[in-house]
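Numbers -21 to -1, 1 to 411, taken from mature numbering (1 follows the signal peptide of the UniProt record, and there is no 0), label the letters of the sequence shown in order.
The set of hints was computed from the structure by calculation and includes no laboratory data.
All of these numbers come straight from a predicted model, not from anything done at the bench.
All C-beta atoms, glycine included, are put in the ideal place defined by N, C-alpha and C.
There's no promise every hint is true.
[What the hints assert, rightly or not] Below, in silico cross-link-like pairs of lysine to any residue (SDA-like), each with a Cα-Cα straight-line distance of 20 angstroms or less:
#	residue 1	residue 2
1	377	307
2	95	68
3	122	265
4	340	257
5	284	274
6	252	279
7	122	83
8	103	145
9	197	299
10	69	81
11	377	301
12	175	307
13	258	276
14	343	282
15	377	192
16	371	226
17	91	141
18	91	136
19	377	291
20	122	79
21	103	142
[Stated by the list, open to error] Ranges of calculated distance between the beta carbons of each label pair, as one might list FRET restraints:
#	residue 1	residue 2	range
22	142	197	36 to 44 angstroms
23	296	100	51 to 59 angstroms
24	276	377	30 to 38 angstroms
25	61	381	31 to 39 angstroms
26	245	356	21 to 29 angstroms
27	245	87	32 to 40 angstroms
28	242	288	15 to 23 angstroms
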Amino acid sequence: MKPTVPLLLLALLAVTGLSRAQVRTALLDLTNSIGNVLPSLSRPANHSRIFYAVMFDAGSTGTRIHVYTFIQGDSEELPVLDNEMFHSIKPGLSAYADFPEMAGHTVRMLLKVAKKTVPRLEWKRTPVFLRATAGLRLLPAEKAQALLYQVQHVFDESPFLVPGNSVTIMNGTNEGILAWISLNFLTGHLNAQTKKTVGILDLGGGSTQITFLPKLRKTIESVPVTDYIARFDIFNSTFELYTYSYLGNGLMAARLATLGALGAEGLEWRIFKSSCLPKKFRDEWSFGGLTYHVSGDPEGYAGFKFCYQEVLKVVKGIHQPYELEDSNVFYAFSYYFDRAVDAGLIDGVHGGMLEVRDFKKRAKEVCNKMTKYPSISPFLCMDMTYITCLLKDGFGFKESTVLQVRQYYRTQPTGFVTLHIRMHQEKWTGSD
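Between the sequences and the hints, there should be enough to build the whole structure, so can you do that?
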């Protein structure tokens, strides 16, 4: 799948755990470290400097490397993204939970992309980071740490700059906070005169996040626990975000729960059936390093109504914010985009605007005519129904709510580095 978070948000997380007391220090550290890796390249025209950064995004379904090239004119100017080299490998690191050495092999193979992109003389000044997301958060702690240890070993053997805390599992809440800051900065909503901001919905393989700025105090006061609210100061303004990451409610994890295979034993001989799958379908499906035998129910019922009842149990426990007003604009990323494209709802390049009811309508069409869509994915009915159920019965969106469905915000890398430096220049301070 596509990256679930803006990749240079991961660069920020590479130097901080994003505790509220450490955010401002981390931002200053990041801008200082950028200065430390800038090679002194003299250019007659403008004395521009070039620097590089290597970021690994270890998601639940794949591992991706992004190699960024930045150009900075002089000390008073902001860096400009000149190039991004991208490559990915499937499956995700979590698939090697019982064979951690394979995780190291995966990263070692991807590092070849960085070596081909970054000039040899700049390797020792180019920082390399890896941030793992829900795929590893779903694993037992000892297995996740074994995978991270292998990655750290590969990094330490590499010729690149390896900062402290360069290989970690990213906290789900941090994903939401930093994605919200980045998107609102880039869309011009992050300033002292802000009246309207945009919210973010991100659907990964292992987890899903919702982040927005509440308009009503009751939204903040009615949360189940304080972990749903993040407070910080930026650009002389104080923000209190509603943000939460639901581990186990990503699209792939939801498939597992819908099939009743979560934590199941006897995978060698058990067959997990669902009315969300075509009746004659039978195959193997892998997630998180395990393989499951799945099928439709030849003797049972199939279709949207029965599928909806199956996925409804998966979204129980998701908190519905007091307010999700129509005036709140939400951007939806990752699997929201992927499945909308697969279902023919939006363009695969530019994305588009969809109402929640559009997902519901297409889910009904797919589920009630599953034989029409087998070439796309036998899971399309289940996935589209889950997205509909998550939005409606999980988060509580109205069917008329309009979502901006995008693959990702294409100017995020440049914008977020710009944001880092602006924060540094404005001597940004945050509240603990």
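Q: Would you list, in rising numerical order, the hints stated earlier that this structure does not obey?
A: none
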